[in-house]
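Asks: As a plain string of letters, each chain reads:
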Amino acid sequence: MVNKSRSSRLDFINGDEAVAYGAKLCRPQVIAVYPITPQTIVVERLAEFVANGLMNCEYVYVESEHSAMCAAMGASLVGARAFTATSSQGLAYMHEMLHYVSGSRFPIVMMNANRTLAAPWNIFGDQRDSLAQRDTGWIQVYVENGQEALDMIIQAYALAENDRVYTPVMVNLDGFVNTHTFELVEIPDQHDVDEFLPPFRSKNAIDFTNPRSFCITAATEWNTEFRYQQQEAMNNAKKVIGEVDKKFGDQFGRYYGGLVEEYRCAGAEVVLVGMGSVVGTSRIVVDRLRDLGVEVGLVKLRFYRPFPVEYFKSLSTRVKAIGVIDRDLSFGYEGAVASDVKSALCSTEVVPKVINFIAGIAGRDITKENIEEMYNRLFNLIKGGDEKELQFIGLRWES
Amino acid sequence: MAKPKIVKFQYPQSLQEMPLGPSAAAGLLTEPNAGWRIQRPIIDHAKCSKCLLCWVLCPEGVIDKENEELEIDMNYCKGCGLCAHECPKVSITMVGEGEADGQ
Amino acid sequence: MIKAKNLTDIEYLYGHKACPGCGLGTIGRLALKILGARTIVALPASCMSTVTTQYPQMNYTVPSLTMAFAGTGAVLTGMSVGLKALGITDVNVLGLAGDGGTADIGLQALSGAVERGDDFIYICYDNEAYMNTGVQRSSLTPIGANTTNSPSGTASYGEKKPKKNLFEIMIAHRIPYAATASSAYPYDFMNKVEKTKGIKGPKFIHIMCPCPTGWGFASDLTVEIGKLAVETGMWYLAEYENGKVKMNVIPKTIRPVEEYLMKQRRFRHLTAENIKLIQEHTDSEWRLIRERWLLPLTR
Numbered sequence: 001m002v003n004k005s006r007s008s009r010l011d012f013i014n015g016d017e018a019v020a021y022g023a024k025l026c027r028p029q030v031i032a033v034y035p036i037t038p039q040t041i042v043v044e045r046l047a048e049f050v051a052n053g054l055m056n057c058e059y060v061y062v063e064s065e066h067s068a069m070c071a072a073m074g075a076s077l078v079g080a081r082a083f084t085a086t087s088s089q090g091l092a093y094m095h096e097m098l099h100y101v102s103g104s105r106f107p108i109v110m111m112n113a114n115r116t117l118a119a120p121w122n123i124f125g126d127q128r129d130s131l132a133q134r135d136t137g138w139i140q141v142y143v144e145n146g147q148e149a150l151d152m153i154i155q156a157y158a159l160a161e162n163d164r165v166y167t168p169v170m171v172n173l174d175g176f177v178n179t180h181t182f183e184l185v186e187i188p189d190q191h192d193v194d195e196f197l198p199p200f201r202s203k204n205a206i207d208f209t210n211p212r213s214f215c216i217t218a219a220t221e222w223n224t225e226f227r228y229q230q231q232e233a234m235n236n237a238k239k240v241i242g243e244v245d246k247k248f249g250d251q252f253g254r255y256y257g258g259l260v261e262e263y264r265c266a267g268a269e270v271v272l273v274g275m276g277s278v279v280g281t282s283r284i285v286v287d288r289l290r291d292l293g294v295e296v297g298l299v300k301l302r303f304y305r306p307f308p309v310e311y312f313k314s315l316s317t318r319v320k321a322i323g324v325i326d327r328d329l330s331f332g333y334e335g336a337v338a339s340d341v342k343s344a345l346c347s348t349e350v351v352p353k354v355i356n357f358i359a360g361i362a363g364r365d366i367t368k369e370n371i372e373e374m375y376n377r378l379f380n381l382i383k384g385g386d387e388k389e390l391q392f393i394g395l396r397w398e399s
Numbered sequence: 001m002a003k004p005k006i007v008k009f010q011y012p013q014s015l016q017e018m019p020l021g022p023s024a025a026a027g028l029l030t031e032p033n034a035g036w037r038i039q040r041p042i043i044d045h046a047k048c049s050k051c052l053l054c055w056v057l058c059p060e061g062v063i064d065k066e067n068e069e070l071e072i073d074m075n076y077c078k079g080c081g082l083c084a085h086e087c088p089k090v091s092i093t094m095v096g097e098g099e100a101d102g103q
Numbered sequence: 001m002i003k004a005k006n007l008t009d010i011e012y013l014y015g016h017k018a019c020p021g022c023g024l025g026t027i028g029r030l031a032l033k034i035l036g037a038r039t040i041v042a043l044p045a046s047c048m049s050t051v052t053t054q055y056p057q058m059n060y061t062v063p064s065l066t067m068a069f070a071g072t073g074a075v076l077t078g079m080s081v082g083l084k085a086l087g088i089t090d091v092n093v094l095g096l097a098g099d100g101g102t103a104d105i106g107l108q109a110l111s112g113a114v115e116r117g118d119d120f121i122y123i124c125y126d127n128e129a130y131m132n133t134g135v136q137r138s139s140l141t142p143i144g145a146n147t148t149n150s151p152s153g154t155a156s157y158g159e160k161k162p163k164k165n166l167f168e169i170m171i172a173h174r175i176p177y178a179a180t181a182s183s184a185y186p187y188d189f190m191n192k193v194e195k196t197k198g199i200k201g202p203k204f205i206h207i208m209c210p211c212p213t214g215w216g217f218a219s220d221l222t223v224e225i226g227k228l229a230v231e232t233g234m235w236y237l238a239e240y241e242n243g244k245v246k247m248n249v250i251p252k253t254i255r256p257v258e259e260y261l262m263k264q265r266r267f268r269h270l271t272a273e274n275i276k277l278i279q280e281h282t283d284s285e286w287r288l289i290r291e292r293w294l295l296p297l298t299r
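Protein chains in written order, with my numbering: chain G, 1 to 399; chain E, 1 to 103; chain P, 1 to 299.
If you are wondering where the hints come from, they were derived from the structure by calculation, not from laboratory data.
Owing to the predicted nature of the structure, the values given are computational and were not obtained by experimental measurement.
There is no bait here: all hints are sound.
Straight-line C-alpha distance at most 20 Å; calculated SDA-like pairs for lysine to any residue:
1) P:Lys5 x P:Asp188
2) E:Lys3 x P:Asp9
3) P:Lys17 x E:Ala24
4) P:Lys197 x G:Phe208
5) E:Lys3 x G:Thr209
6) G:Lys320 x G:Glu269
7) P:Lys200 x G:Tyr61
8) E:Lys89 x P:Lys3
9) P:Lys17 x G:Thr220
10) P:Lys5 x E:Leu53
Restraint ranges, calculated between C-beta atoms of paired labels, are given here:
11) E:Glu17 x G:Phe12: 50 to 60 Å
12) E:Lys5 x G:Glu310: 41 to 51 Å
13) E:Pro12 x P:Trp286: 53 to 63 Å
14) P:Arg38 x G:Glu44: 35 to 45 Å
15) E:Pro88 x P:Glu194: 18 to 28 Å
16) G:Asp207 x E:Glu71: 26 to 36 Å
17) P:Arg38 x G:Tyr333: 49 to 59 Å
18) P:Ser111 x G:Asp194: 33 to 43 Å
19) E:Thr93 x P:Asn248: 27 to 37 Å
20) G:Thr224 x P:Asn248: 43 to 53 Å
21) G:Asp135 x P:Pro256: 49 to 59 Å
Every residue, glycine too, gets a C-beta built ideally from N, C-alpha and C.
Go ahead and model the full structure; you've got the sequences and the hints to work with.
Replies: Given below as structure tokens:
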């Protein structure tokens, strides 16, 4: 591990602020953000940076989230590095534009504060909003804490703007749990970030010496090929994610493991798969159980798209059961993450059993007791016990 | 060159030849609109005063004012007849495609 | 003053697939001749984008962007501030949107962009319906028009609501420059586009674009119909600048609306009573125009 960092500084900030610092360090040229709880602090902190001359960018007061993504796209189209942020209803509002931006290959980075979608109304955190955007062609990463939030904003630009990728990246923080929790975060030095992330020189921007028409109509005869190209870019991203992670670690001393991080999975009979802040809580439970001699492990799914299919196939021979924690539910079936995990496993020689745990909906705590209960149920399953494939954790009553 | 010309477009032969994202070179024409026409404009240059109203109004921009006499790009004239209808000198006649020219 | 012989021979919009006689070809060509090659044009879903950007044939020779329907105003903002952030100053950012993409689904984004004061030119070419998708009514469809979703029938005379007044909506934003125009008055339009070049901030031109296919008239009558609209008071040519409205063309006598209506298939079903209704509406609009914009001139 080579730590080439000069002087960074520690600050006691919340996740939103960490995102704001991360964005500031990336020197975006256009910021177009519309406020929505619990992302508002990102909007405010960035505005303060601009108002105090600490950021040299155009800060746009867009009148809606749909317009925020349109404006970010317009900026990227002329060759500027663009940043935006949203949550929940706002993310849903810009849904059309998510497809548009990924399809036209603009490397925009967006922070999303995971918050449940109405109705019923609720401002607290689950992952229904971003998981509902699964098919929009955006790279999606889920962070565990404030430090990772800041670091992933920087890595997101390096990933998005990579020649082999040119795909927009969504950095997800759990609403309130990540966004509003204060932690000690190391804020890298600007010069170090400049070295890691050079200025944006777009390969997909307007050039008057070589005029092009963008976002054109591709008829039936050609559309599939453009989609194939998008898929290839996502496949490339799987490799680039690892490269960026290593380069970041070499520069700043923090490695995150790329697509997936395994926590104490060696020799584990059962593992839980989680995304976001629940991973932090789960680590503590794993440590406790391991101390008691119980062989459990934890899989931190960092990138939901591109989905680490190869990793899960390799996991199939090493564990007997997998519990997938979904802070979401695709009504009429199951959690989105569980579906994707199960489909990755369905063609392996040995197929571990899977329980889908629906937990943490609309800000409901996933406690250490809940997590331990999940491991217990996984053990019950592999011992031949009766366990439903889909289980709501902490539900008041079952039918 | 004032007007784009028709080119034989070379479609991408591999993934590597695809543009980065759905974009395409601007001002690239691959086929004429001539087949749309059921009538074509014939200018009587003796009556034409070069007021250029037809050139201004033409929705297709097919009238060429570079030379002494106005010329019309028949690859792209759709035969709408606006020029003939608006010419203050009534110097343009619309003649059915396939009929003999007014010349 | 614009003179045709001084205008460039370069065609920046050429070979497109619009219907014969359609005003949008004239509008696009002339606007770009005035603005020049260093123009980026954003086109939302509309006739204009559909007839000009079908891979691989691209009919604009300047860089263009085909945009999502609702977001023209916002993408113009994005391009305008992006260029500013990059220190690029001599580029025109132009939006060419239809009536639906401006007054209906695009109104919010337009309002936001104008309120922010970003630097762009927005030309709404108004063919008075969602023509591209098959002549469905928009909020700029005039009273009595037969469209495919406001058809005339035994129980209806067609569109019931008057045109939304975009010109006045822009004035309410105190936009630096707003104007109405018509493809039938090309020099007036070109002078207005020329004027926008010298103004910083948002500029808006609402240009009537008669549609042979949707309105139902022969392709060579586009200019005649456009002129009749102004001569019968159903459309007016005006500008708003520096807090004042200037009417560019005031017909000495405004001819009866029937002369305009009966020349188009979309109005041919109207009864005398319907026409009277339309005449009353037009008269009432002109009373307002006279009170607010014309009378002060005579004091």
